[in-house]
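Asker: Given next are the chains, with one letter for each unit.
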Amino acid sequence: MRDLRRHWLVTLCVVASLALAAMGITVVHIASVETVRNLESTGIRTSYQYVVPIATNEEKHYFELRRDWRSGALPTIEAMVPILEGTTEAEGRLVQVLGIDVLADTSGSFDDSLSSQDTGFLTQNTLIAIGSDWTVGDVVNGSTVIASTPSRYNLFIADLPTAQGLLGRPGQIDAVWMRRKEAEKFSFVERIWPGLLTGLGYRAPPLEVEGYQIQSMSSWNPLHSFSGSIAFNLSLLGALAILVSGFIAYEACSNNVRRRRLEMDRLGALGVDQWQLRGTFLIEALLIGAIGSLLGIGIAIAFLQLLQLVDVSDSFNVVLIASFKSVAVSIGTLLFAIHLATSKSNNRIRKSIYGLLVAICLGLLLWGAFPVSGLLGAFVVMVGMCILQVLIVVPAFVGLVSRIGLAVSLTRLTWLMVLRQAIKQFRSFRVPVSAFSIAIATAIGISLMVTSFRTNFEDMLDVRLRPGLHIESASEFDTSVASEWEAVENLRSYYRTVGRLAKGPVNLTATNLDAWETSRYGYDSAIERGTMINRQLAMQHNLKIGDALNIELPHNRQLTVTVVHVFNSYGSNEGRAIVDVGAIDTAGWTRDRVTINPIAGREAELQQRIASTSSNAIVSDNSERRTAALRVFDQTFVLTNAIALVAVIIAVVGLLSAALAMYGAQKQEFKLLRTVGIGDRTLVVSTLLQSGLFGFLACVIALPLGISIAWVLCEMVNPRAFQWTIDLHLDPWVVLRPTLLAFGAAVAACLIPFLLQRKHP
Amino acid sequence: MSSGRDGKATPTDRLARIATILCIAQICLFTGCESRNNEPNADFGEWLGESVNAENYAQVDGSYKLTFPRDHRPHNEFLTEWWYVTCTLATDEGRRFGVQFTLFRRSLAASIEEPNSWRSGQIYMAHVALSDVKNKKHFDFERYSREHAELAGVESEPFRAFLENWSLESTTSKFFPLTLRIKTDAFEVDLQMTQTKPIVLQGDEGYSKKSPNHASYYYSIPRMASTGKLAVGSHTFDVSGTSWMDREWSSGLLGRQYEGWYWFAISFSDGRDLVVFSLRDRNTGFDDDRVALWIQTDGSTTPIRKDSWAMEPLRKWKQWPVEWKLSIEQERFLVSALFDNQEMNTSIPYWEGMVDVLERNTPVGSGYMELTGYSPRN
Numbered sequence: 001m002r003d004l005r006r007h008w009l010v011t012l013c014v015v016a017s018l019a020l021a022a023m024g025i026t027v028v029h030i031a032s033v034e035t036v037r038n039l040e041s042t043g044i045r046t047s048y049q050y051v052v053p054i055a056t057n058e059e060k061h062y063f064e065l066r067r068d069w070r071s072g073a074l075p076t077i078e079a080m081v082p083i084l085e086g087t088t089e090a091e092g093r094l095v096q097v098l099g100i101d102v103l104a105d106t107s108g109s110f111d112d113s114l115s116s117q118d119t120g121f122l123t124q125n126t127l128i129a130i131g132s133d134w135t136v137g138d139v140v141n142g143s144t145v146i147a148s149t150p151s152r153y154n155l156f157i158a159d160l161p162t163a164q165g166l167l168g169r170p171g172q173i174d175a176v177w178m179r180r181k182e183a184e185k186f187s188f189v190e191r192i193w194p195g196l197l198t199g200l201g202y203r204a205p206p207l208e209v210e211g212y213q214i215q216s217m218s219s220w221n222p223l224h225s226f227s228g229s230i231a232f233n234l235s236l237l238g239a240l241a242i243l244v245s246g247f248i249a250y251e252a253c254s255n256n257v258r259r260r261r262l263e264m265d266r267l268g269a270l271g272v273d274q275w276q277l278r279g280t281f282l283i284e285a286l287l288i289g290a291i292g293s294l295l296g297i298g299i300a301i302a303f304l305q306l307l308q309l310v311d312v313s314d315s316f317n318v319v320l321i322a323s324f325k326s327v328a329v330s331i332g333t334l335l336f337a338i339h340l341a342t343s344k345s346n347n348r349i350r351k352s353i354y355g356l357l358v359a360i361c362l363g364l365l366l367w368g369a370f371p372v373s374g375l376l377g378a379f380v381v382m383v384g385m386c387i388l389q390v391l392i393v394v395p396a397f398v399g400l401v402s403r404i405g406l407a408v409s410l411t412r413l414t415w416l417m418v419l420r421q422a423i424k425q426f427r428s429f430r431v432p433v434s435a436f437s438i439a440i441a442t443a444i445g446i447s448l449m450v451t452s453f454r455t456n457f458e459d460m461l462d463v464r465l466r467p468g469l470h471i472e473s474a475s476e477f478d479t480s481v482a483s484e485w486e487a488v489e490n491l492r493s494y495y496r497t498v499g500r501l502a503k504g505p506v507n508l509t510a511t512n513l514d515a516w517e518t519s520r521y522g523y524d525s526a527i528e529r530g531t532m533i534n535r536q537l538a539m540q541h542n543l544k545i546g547d548a549l550n551i552e553l554p555h556n557r558q559l560t561v562t563v564v565h566v567f568n569s570y571g572s573n574e575g576r577a578i579v580d581v582g583a584i585d586t587a588g589w590t591r592d593r594v595t596i597n598p599i600a601g602r603e604a605e606l607q608q609r610i611a612s613t614s615s616n617a618i619v620s621d622n623s624e625r626r627t628a629a630l631r632v633f634d635q636t637f638v639l640t641n642a643i644a645l646v647a648v649i650i651a652v653v654g655l656l657s658a659a660l661a662m663y664g665a666q667k668q669e670f671k672l673l674r675t676v677g678i679g680d681r682t683l684v685v686s687t688l689l690q691s692g693l694f695g696f697l698a699c700v701i702a703l704p705l706g707i708s709i710a711w712v713l714c715e716m717v718n719p720r721a722f723q724w725t726i727d728l729h730l731d732p733w734v735v736l737r738p739t740l741l742a743f744g745a746a747v748a749a750c751l752i753p754f755l756l757q758r759k760h761p
Numbered sequence: 001m002s003s004g005r006d007g008k009a010t011p012t013d014r015l016a017r018i019a020t021i022l023c024i025a026q027i028c029l030f031t032g033c034e035s036r037n038n039e040p041n042a043d044f045g046e047w048l049g050e051s052v053n054a055e056n057y058a059q060v061d062g063s064y065k066l067t068f069p070r071d072h073r074p075h076n077e078f079l080t081e082w083w084y085v086t087c088t089l090a091t092d093e094g095r096r097f098g099v100q101f102t103l104f105r106r107s108l109a110a111s112i113e114e115p116n117s118w119r120s121g122q123i124y125m126a127h128v129a130l131s132d133v134k135n136k137k138h139f140d141f142e143r144y145s146r147e148h149a150e151l152a153g154v155e156s157e158p159f160r161a162f163l164e165n166w167s168l169e170s171t172t173s174k175f176f177p178l179t180l181r182i183k184t185d186a187f188e189v190d191l192q193m194t195q196t197k198p199i200v201l202q203g204d205e206g207y208s209k210k211s212p213n214h215a216s217y218y219y220s221i222p223r224m225a226s227t228g229k230l231a232v233g234s235h236t237f238d239v240s241g242t243s244w245m246d247r248e249w250s251s252g253l254l255g256r257q258y259e260g261w262y263w264f265a266i267s268f269s270d271g272r273d274l275v276v277f278s279l280r281d282r283n284t285g286f287d288d289d290r291v292a293l294w295i296q297t298d299g300s301t302t303p304i305r306k307d308s309w310a311m312e313p314l315r316k317w318k319q320w321p322v323e324w325k326l327s328i329e330q331e332r333f334l335v336s337a338l339f340d341n342q343e344m345n346t347s348i349p350y351w352e353g354m355v356d357v358l359e360r361n362t363p364v365g366s367g368y369m370e371l372t373g374y375s376p377r378n
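So the sequences go chain by chain: A and B.
Here the numbering used here is used: the first residue of the first sequence is 1, the next is one more, and so on.
Here the numbering used here is used: the first residue of the second sequence is 1, the next is one more, and so on.
Incorrect hints may appear among the rest.
Derived DSS-like pairs: lysine-lysine, alpha-carbon spacing no greater than 25 Å straight-line [what the hints assert, rightly or not]: (1) 136(B) to 183(B); (2) 134(B) to 316(B); (3) 60(A) to 183(B); (4) 424(A) to 351(A); (5) 136(B) to 229(B); (6) 424(A) to 671(A); (7) 183(B) to 181(A); (8) 137(B) to 316(B); (9) 181(A) to 137(B).
In short, the hints are calculated from the structure, not lab data.
Quick caveat: nothing in here was measured; it's all calculated off a predicted structure.
Could you build all of it, start to finish, from the sequences and the hints given here?
Answerer: In structure tokens:
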């Protein structure tokens with residue numbers, strides 16, 4: 001302990017390194033969870049994996065399904081609930097209503113905070129208001145608000161009979177939601193690593209029961225997989241941040257232990273055994289690890305609050321999980337570093353391990369390059385590239401720079417010494433430079449991928465969401481009446497069902513595939529006997545344009561269509577095919593969606609009219625949907641930039657830590673330079689040049705890795721995880737922004753020891 | 001599933017909370033009260049207490065005269081009630097099984113706004129269990145539902161008490177014979193039950209006083225001859241034996257001073273039946289109003305004076321006393337669980353299982369034992 005105090009600056013660096021590592025982990029975790037939460041709005045659907053639409057809205061079909069389930073027809077199902085959805089007008093506003101029989105799914109646990117309001121939910125006309133201005137006690141359309149939650153999403157949640165009353169649809173239901181038995185055990189994984197299940201391609205296996213159209217929830221709630229995608233990509237960045245943190249913590253600890261090697265040897269000579277020595281380090285490690293982690297968690301919370309990204313006070317459990325992760329990784333890294341540093345070094349063994357590591361990395365890179373390796377392979381490629389950066393690229397580059405530097409002959413001794421000093425520093429900073437380059441590369445890679453993703457996504461929204469109204473739950477909406485309305489310019493119905501291909505089920509949509517509709521998917525003419533499929537379906541079934549699809553439809557019907565177009569879809573990771581409604585008999589299909597393009601300026605009028613005509617229709621404006629989708633993306637941008645910033649800060653502190661560790665040696669160098677007559681001004685200029693050169697070289701190494709990471713994310717990770725491809729846009733500003741930031745930070749980090757020695761020569 | 005996942009009051013959390021009403025209701029079904037506590041699973045007795053809203057319901061005051069078949073129906077004007085059946089069965093080869101079916105009703109509110117088929121204000125909970133004595137295996141399941149003609153309820157003519165495909169129902173327009181049907185992932189039961197003894201009105205003509213201020217209406221149908229089929233896993237067995245039915249309803253069964261009870265229903269091989277129960281005082285563990293009743297071969301009943309009988313626990317499994325010494329006047333019996341682990345792993349754990357009765361090491365009867373409110377720390 002005394003030693004820790006005596007060398008407080010080095011101790012401080014170790015604590016700072018760990019604190020920043022913990023900060024990185026905490027920020028990434030909380031940001032990922034918050035992203036998923038924002039995207040999934042109410043979150044109720046996420047508890048269920050399947051949907052059975054009740055086309056006739058008759059309750060009896062729910063009871064039939066339930067009876068079949070109870071008699072063993074659906075052995076993988078744990079629970080099912082009947083659902084009623086619609087829109088109601090409340091105090092001049094249109095609000096969505098979700099009616100649910102909560103008693104049909106009673107996996108709830110004990111709770112001590114129930115009130116009479118809760119029992120009132122089942123016995124009185126009461127509701128929960130989400131995202132609206134209503135407060136507890138307000139009476140809306142005859143129902144009392146018993147709870148209200150702020151959200152961007154306006155929704156009333158009510159017990160099924162209350163919702164039936166609110167929507168004027170007694171005795172009706174729209175769908176049955178079903179939950180898989182083992183879903184809960186997997187949700188634990190999601191809590192530890194948000195987005196991992198989606199990223200690994202986990203989805204509820206198709207469920208087929210004769211007489212029912214069972215669809216997966218993610219095809220009904222595309223944002224579920226979309227949010228998973230973003231969370232997963234953020235988490236990947238987090239994984240790399242952890243890698244960087246690990247390097248830095250390792251370097252800081254190693255320096256600390258190496259510095260104390262003499263002390264250890266002396267104690268060893270005095271008879272103190274190795275385990276006792278390690279015990280001392282262990283206690284120190286736990287202490288430093290705990291302080292560093294807690295500090296990091298505190299900084300992370302302050303950072304998130306400061307940027308107003310997350311209301312941390314409202315996410316106690318998330319913060320708790322993030323904190324556990326941070327503490328575990330920080331202390332684990334510290335112990336590992338101490339173990340390595342206190343182990344007796346053996347050059348032969350080290351070289352063998354080095355060779356083996358390089359061979360393993362190359363082997364894994366090769367394996368990951370094959371699509372058969374899946375998402376794990378893509379992930380391995382990314383991590384492998386980073387490790388090779390440490391093992392091969394940085395040492396080779398450092399060697400090259402050293403040779404060039406040594407070969408340069410400068411006439412002025414001063415500059416020659418400056419150059420030699422820079423090379424010496426660069427060589428001794430191999431580990432922090434590696435971490436630094438990985439951090440910058442990660443920041444570049446993720447920023448490029450997200451920018452590219454956003455560009456692609458915006459392009460898709462531009463063509464897909466044209467100005468108009470979108471009506472969900474539209475089975476009862478009378479299109480023949482609506483098409484007569486004056487304000488309607490264009491009205492389209494969309495039918496949905498689940499068909500079967502040889503390899504499994506496929507989500508089918510039928511609509512009028514005229515040129516207007518096909519252009520929404522990037523095709524330029526009408527399709528009569530063909531089909532457009534999304535890239536996910538093409539990848540899942542190895543389909544290409546010109547292939548024939550033989551689809552089994554409900555009621556033992558068959559449909560054979562040719563693939564004429566493959567389109568990008570970022571909504572869901574499920575396969576989808578769109579056929580012309582004229583080519584099929586819609587019996588057995590659910591008309592669940594209608595789009596209406598109003599005459600300009602008459603959107604609001606039409607929206608009111610739709611709501612008053614059909615209480616079960618959920619109306620939304622395409623422009624609002626587009627804005628909402630992009631808002632999520634923009635928020636992700638903020639998060640991504642914040643996380644990239646954290647990665648760079650971690651790396652810079654790593655550099656600073658290494659620079660401070662060498663502070664003693666540098667002091668001697670500066671003394672020597674002063675002795676040979678070099679003045680302070682020259683030293684400042686030379687140190688600046690030295691730091692600049694150092695920062696520049698570190699950034700040069702990072703650039704290729706950064707672009708490679710972006711390429712792997714766009715071309716390997718995303719297609720393998722979500723079956724969608726992203727066109728990589730090499731935006732120079734996106735590349736330059738983190739690079740310049742890192743460059744400046746690196747220069748500053750390397751200058752600090754010099755400034756310190758000027759103060760205490 | 002999403003309850004309290006991240007500490008944010010999401011609608012899912014709220015709904016999960018509302019769903020827990022069922023659990024609260026369950027407690028009330030057991031206790032006839034509405035008090036709640038923070039440690040639901042820790043100490044069943046802590047859940048016992050005075051009903052706070054029971055005054056809005058009909059009260060058990062002894063003025064009501066039980067008549068049948070009318071009183072097999074639900075009494076929604078009371079807070080809570082249950083239909084309880086236990087069966088001690090065996091195959092021709094002597095392999096023994098026990099079956100339990102209990103359907104609880106609970107009123108959520110004395111007044112309902114705009115009642116309809118989905119909103120009657122009544123919810124039901126069912127517990128079913130099978131004891132496989134040979135393999136010492138106990139399977140138990142729990143379900144909830146709101147009252148609805150398609151989901152759960154009790155119908156009068158013909159009688160049918162059901163929660164989805166678990167049901168106890170009359171096969172004709174008369175109450176007997178009864179059919180018990182249960183289908184779970186682990187076992188299936190299809191039993192027919194016929195009456196062999198008359199209905200036994202507990203207490204004073206069915207008015208069963210539990211403490212100075214608490215009572216229930218309570219009747220039993222002992223020793224129903226039972227035959228049918230039972231399937232465990234892939235094996236199906238023809239079984240026969242006897243069943244016991246209990247019916248009880250109230251708006252406030254227990255006082256705060258009680259933490260649970262023990263209850264035994266035993267059929268002796270000489271044709272007599274015995275019911276023994278006692279509430280357990282939170283402090284003393286005993287109750288002055290404990291009850292023991294002989295049901296003679298001809299169906300006539302003989303109450304046993306409180307000072308003439310005693311129960312003494314001899315051995316515990318976990319917190320549950322699974323072996324007892326029963327003394328009734330000059331007779332001494334050993335009441336012992338057929339195997340220890342017949343714990344009901346339901347929302348509130350309790351012990352409900354088959355017991356054998358021995359007199360001088362000779363089996364003289366068998367039946368069911370129910371233990372509630374035994375805290376693990378006891």
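Asker: Would you mind confirming whether the straight-line C-alpha gap from residue 183(B) to residue 181(A) stays at or under 25 Å?
Answerer: This hinted pair holds, its Cα atoms lying about 18 Å apart.
Asker: Given the hint that residue 134(B) pairs with residue 316(B), does the C-alpha gap stay at or below 25 Å?
Answerer: holds (21 Å)
Asker: Mind checking the alpha carbons of residue 137(B) and residue 316(B) for me, to see if they're no more than 25 Å apart?
Answerer: With Cα atoms ~18 Å apart, residue 137(B) and residue 316(B) stay inside 25 Å; holds.
Asker: Are the Cα positions of residue 136(B) and residue 229(B) separated by 25 Å at most?
Answerer: The hint holds at about 20 Å.
Asker: With a cut-off of 25 Å on the C-alpha distance, tell me whether residue 136(B) and residue 183(B) pass.
Answerer: holds (20 Å)
Asker: Need the status of pair residue 424(A), residue 351(A): alpha-carbon distance at most 25 Å?
Answerer: holds (22 Å)
Asker: Holds or violated: residue 424(A) and residue 671(A), Cα atoms, limit 25 Å.
Answerer: holds (17 Å)
Asker: Given the proposed pairing of residue 181(A) with residue 137(B), does the C-alpha separation stay at or below 25 Å?
Answerer: Holds, at about 23 Å.
Asker: For residue 60(A) and residue 183(B), compute the direct alpha-carbon distance and say whether it is at most 25 Å.
Answerer: Judged against 25 Å, a Cα distance of about 22 Å means the pair holds.
Hint violations for this structure: none, all hints satisfied.
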